[in-house]
Amino acid sequence: MSVAAETVILRRSGSGVNLARFAVYALLIVAAAVFLAPLVSMVFTSLKSMDEIRAGNLLSPPTAITLEAWQTAWNSACISVSCAGLKGYFLNSIRMVVPAVLISVGLGALNGYVLTKWRFRGDNLLFGAMMFGCFIPFQIVLIPMAFTLGKIGLAGTTAGLVLVHVLYGVCFTTLFFRNFYVAVPDELVKAARMDGAGFWQIFTRVLLPISWPIIVVSVIWQFTGIWNDFLFGASFAGGESQPITVALNNLVNTSTGVKLYNVDMAGAMITAAPTILIYLFLGRFFLRGLMAGAVKG
Amino acid sequence: MAATERMAGRRRLANALPLFVLSPSLLMVTIGVYGFMLFSVILSFTSSKMFPRFVFTGFDQYERLFTNPRWGVAVQNIFIFGGLYIVFTTILGLGLAILIDQRIRAEGAFRTIFLYPMALSFIVTGVIWQWILNPGLGLERLVQSWGWESFSFKWLVDPQMAIYTVVIAGVWQVAGFVMALFLAGLRGINTEILSAARMDGAPTHKIYTRIIIPALRPVFLTAFVVEAHLAIKSYDLVVALTKGGPGFATELPSTFMYTTTFTRNEMGLGAASATVMLMTLAAIIIPYLYSELRHERRG
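Heads up: the sequence lines are chains F and C, in that order.
So for the first sequence, this note's numbering puts the first residue at 384; every next one is plus one.
So for the second sequence, this note's numbering puts the first residue at 508; every next one is plus one.
Note that these hints are calculated values from the structure, not bench results.
One should not assume that every hint holds.
[Claimed, not checked] Each computed DSSO-like pair below joins lysine-lysine, with the alpha-carbon atoms no more than 30 Å apart:
1) C:K661 to F:K470
2) F:K534 to C:K556
3) C:K556 to C:K713
4) F:K642 to C:K556
5) F:K534 to C:K661
6) C:K740 to C:K556
7) C:K661 to F:K642
8) C:K713 to F:K642
9) C:K556 to F:K470
10) C:K661 to C:K556
[Said to hold, decoys possible] Looking from chain C toward chain F, a few residues come up when the C-beta cut is under 7 Å (computed):
11) Q609
12) L649
13) K713
14) R717
15) L785
[Stated by the list, open to error] Computed far set for chain F versus chain C, every beta-carbon distance over 12 Å:
16) V407
17) W453
18) N636
From a predicted model like this one, the values you see are computed outputs, not experimental measurements.
Backbone N, C-alpha and C define an ideal beta-carbon position, used for all residues, glycine too.
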């Protein structure tokens with residue numbers, strides 16, 4: 384029950400209550416309008432021609448809706464030297480994000496399982512050491528990582544980016560699964576062991592079937608984080624493997640001549656679409672993931 | 508005899524298996540986090556330029572760093588940006604959480620609206636705000652069209668004010684998340700104490716200032732750590748919004764490190780700046796992790 388709810392119930396009879404309620408809604412609606420305005424402006428602008436943009440303002444609705452800017456952003460906008468739009472980079476991001484998410488979540492699940500159900504001396508220290516890896520500023524690893532990727536032949540490749548995202552993602556997924564499995568009663572595991580189940584059987588038959596909530600959270604967390612990454616993409620990807628965030632930044636900030644704001648906005652929406660869709664459909668889990676990452680469990 | 512040996516062998520295998528499963532991650536973290544950290548710190552004591560060269564020069568790079576005017580601007584900016592970012596996301600987050608907690612209709616819709624920017628990449632956020640704040644067609648034109656004809660808003664191209672545009676965009680992106688943290692905190696407060704306070708006739712604002720907000724202390728701490736962490740790591744937002752400009756007016760430690768290392772080929776200096784960033788963040792994160800883990804053991 385909410386803290387304020389009780390206050391409201393107790394004071395419902397008072398005449399000041401209606402005014403207070405009105406103020407609450409007024410403030411919330413104003414705040415919501417401010418938060419939504421950038422999105423509205425982005426959608427409107429992406430549907431206008433440059434002439435209409437010059438004639439109108441941020442929030443004027445498009446009168447002659449055109450998808451031209453979207454087509455340009457997807458197919459033919461110039462990014463660095465080639466003028467083939469964002470579509471190739473969108474695929475690059477998908478090729479990067481899918482394996483990176485699967486591997487890091489899989490490893491995180493196994494690590495969480497070992498750290499809670501197969502405890503050994505120093506396991507908590509080990510976990511703490513891994514957790515610190517979630518929080519380092521990545522600038523500290525950029526130089527050695529660039530050389531290492533070069534040495535093992537993965538510089539400028541999608542595989543290299545997958546490796547980097549798995550490495551720095553596994554800290555988070557381990558944290559999620561460890562905090563989830565710590566709450567699973569050890570008796571379940573003991574009983575399974577009595578019945579002769581081994582390491583893998585306990586994992587696949589006892590723990591995995593009840594893990595779906597934390598799997599969803601981890602997948603969303605990893606997907607959003609990796610899809611939205613810019614620093615690693617900009618540092619380690621070659622022209623052929625650049626993710627969409629890097630391409631969008633190039634599209635917007637290296638264009639010469641007149642700035643095409645409608646194409647910029649369409650490009651931004653294309654880049655944001657996958658994570659926004661996940662947020663809208665799985666918002667509850669998205670929030671839980673954010674909180675888990677922030678507050679540890 | 509042979510049977511017991513076989514069993515002992517199997518048991519040893521069973522004991523080794525969990526560690527074996529853990530080993531790929533341990534290897535990655537040992538090398539990729541701690542090994543690389545050490546490597547960068549060592550580099551910061553060398554005269555490396557384009558490639559690592561292990562010619563040790565003591566604290567020379569740190570001296571160069573702290574006398575570098577660009578780094579001076581970056582440090583000043585991280586205090587301005589970080590300070591305002593932390594203050595505004597906390598105030599806005601707490602305010603929105605209290606409003607949403609008033610047993611309102613359509614709570615879910617409001618929460619969704621305040622939180623959606625968190626799903627975006629900082630690059631997307633930067634691109635959106637570059638459009639909104641652009642002098643000419645952006646906010647300036649909008650306010651002028653509302654009738655305030657002389658309204659002028661050119662922060663994005665004003666070296667004195669550009670850093671504040673980064674604050675605006677950053678607060679817009681993260682405030683909803685801070686709201687969610689505080690909302691979770693508000694919903695976890697023991698309602699018995701509150702009812703007791705009301706029985707005694709305490710007015711609502713006193714209940715907030717004397718009971719509710721003090722009870723949220725752990726949430727304030729978490730919010731602070733998350734915000735400080737995001738602020739120090741901020742890189743993409745500046746790159747997309749201002750490119751560190753005009754000039755280097757919006758340089759941050761993160762952008763300084765990147766350009767110094769990779770475009771100006773001053774690897775030793777870049778490593779020194781990264782080391783300073785790491786130390787700053789560690790000074791915030793390690794006490795926090797320590798207290799959290801200790802708390803957990805007691806709990």
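Would the stated hint for R717 (chain C) survive a check requiring a Cβ distance to chain F of less than 7 Å? violated (13 Å)
Given the hint that K661 (chain C) pairs with K642 (chain F), does the C-alpha gap stay at or below 30 Å? holds (17 Å)
With a cut-off of 30 Å on the C-alpha distance, tell me whether K713 (chain C) and K642 (chain F) pass. violated (53 Å)
Hey, is V407 (chain F) genuinely clear of chain C, shortest beta carbon separation above 12 Å? Since the minimum Cβ distance to chain C is about 5 Å, V407 (chain F) lies within 12 Å and the statement is violated.
Is it true that the CA of K661 (chain C) sits at most 30 Å from the CA of K556 (chain C)? violated (38 Å)
Between K556 (chain C) and K713 (chain C), does the CA-CA distance stay at or below 30 Å? Since the Cα atoms of K556 (chain C) and K713 (chain C) sit roughly 60 Å apart, the hinted pair is violated (cutoff 30 Å).
Using 7 Å as the Cβ threshold, decide whether L649 (chain C) counts as touching chain F. Result: holds, 5 Å to nearest chain F Cβ.
K534 (chain F) paired with K556 (chain C) [C-alpha distance capped at 30 Å]: Holds, at roughly 19 Å.
Would the least Cβ to Cβ distance between W453 (chain F) and chain C come out above 12 Å? Given a closest Cβ separation of 15 Å, the condition holds.
Against chain C, does N636 (chain F) hold up as non-interface, every C-beta pair farther apart than 12 Å? Check fails; 6 Å does not lie beyond 12 Å.
Taking the least C-beta to C-beta distance, is L785 (chain C) closer than 7 Å to chain F? Because about 5 Å separates L785 (chain C) from the closest Cβ in chain F, which is inside the 7 Å limit, the hint holds.
K713 (chain C) as an interface hint toward chain F, with CB separation required under 7 Å: violated (11 Å)
Comparing the model with each numbered hint stated earlier shows that hints 1, 3, 4, 5, 8, 9, 10, 13, 14, 16, 18 do not hold.
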